[in-house]
Amino acid sequence: MTHRKHFGSDNHAGTHPRVLAAIAEANAGDADSYGADEWTRRLQARFAEVFGDHAQGFPVFNGTAANVLSLAALLRPYEAVICAETAHITVDECAAPERFTSSKLLPVPTPDGKLTPELIATRMTGVGDQHHVQPRVVSLAQVTELGTCYTIGELAAIVAYAREHDLLVHMDGARVANAIAHLGCDPRELTDGVDVLSFGATKNGAMNADAVVLLRPEAASAFPFIRKQGMQLSSKMRFMSAQILALFDDDLWLDNARHSNAMARRLAAGLDDIPSVRLYQPVESNAVFATLAPEHIEKLRDRWSFYVWDDAASVVRWMTAFDTSESDVDGFLADIRTVCG
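Residue numbers (our numbering): 97 to 437.
Rather than coming from a laboratory, the hints here were simulated on the basis of the structure.
Among the clues, some could well be false.
Simulated restraints on C-beta separations [unchecked claim]: (1) A127 / T434: 49 to 55 Å; (2) N158 / P203: 21 to 27 Å; (3) A127 / S372: 52 to 58 Å; (4) E260 / G427: 49 to 55 Å; (5) E314 / D225: 24 to 30 Å; (6) E314 / A389: 52 to 58 Å; (7) P207 / S401: 37 to 43 Å; (8) G280 / D431: 40 to 46 Å; (9) S331 / A117: 21 to 27 Å; (10) R397 / E285: 35 to 41 Å.
As the structure is a prediction and not an experimental result, all values here were calculated from the model.
We treat Cβ as the ideally placed atom computed from N, Cα and C, and that holds for glycine.
Please construct the entire structure, taking both the sequences and the accompanying hints into account.
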């Protein structure tokens, strides 16, 4: 642990004080287990308020579980998921989707982490042929792994294509609050036509809680059994539900996302006068992707914590969080100027 702010991941940040307070409050006295508590009941109502009356939310322990169980709710073993080549489900889940669902992932190369109907169409082969895996789900990361955001129009085009070709839509929303903050849209608008959402809270101030939000009502009846088989049914679910409730209270989840997005924009703006550092992707969330000389990367990593995204291309990823301050960003920028200027 260090007192210097990390720019490696929003997972490096601690827990928001209001979330910690909510956990402590939920710790007073006994409560029914396995989701039969008042916090989980209130959370169900909040999910319906935020994402629509038909939305049903199920807390899980982490984002991997949210993604894998979301896909399990939509797939049969002979069906496949079309996703971007950079998607978390194909790069960073240690093949958990394939192992748990017995389904195949069909990655598509993209320039910016975003799928399009044209790119999805490249994987629509062998439909109806018993010798071929059958495309069934389109998985979108919003925000993408490259920090970019689908516009509402782009999402609508993909949903329309999916409906035309009998496909279902999964949204990996590990940073969905950052996307909503960037677009300035309503959560219902963002998820219009989506069948299941992996709702991210841990990266946005929670301690250890994410959720599967089913927006396809017919999938909800079987999901409690899927979650139990997936070892994600918490006996003391009130503590997970309390975390997400705290984020929903007074729109703290969106305030946190707006702040982290703003800190990323501040960092990106400060790079403008450093010719040897170039943005690799537009800054549309709390991620800054940049290219710089390998020797500069090495020197900066001696002082700061961050990830090298692509060694061969010398691309780094700098992430901000709900508790990143302006002084944190300015201090990091000062060292970047010293090393790269």
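**Study point:** Indices of hints not satisfied (ascending)
**Key:** 7 and 8
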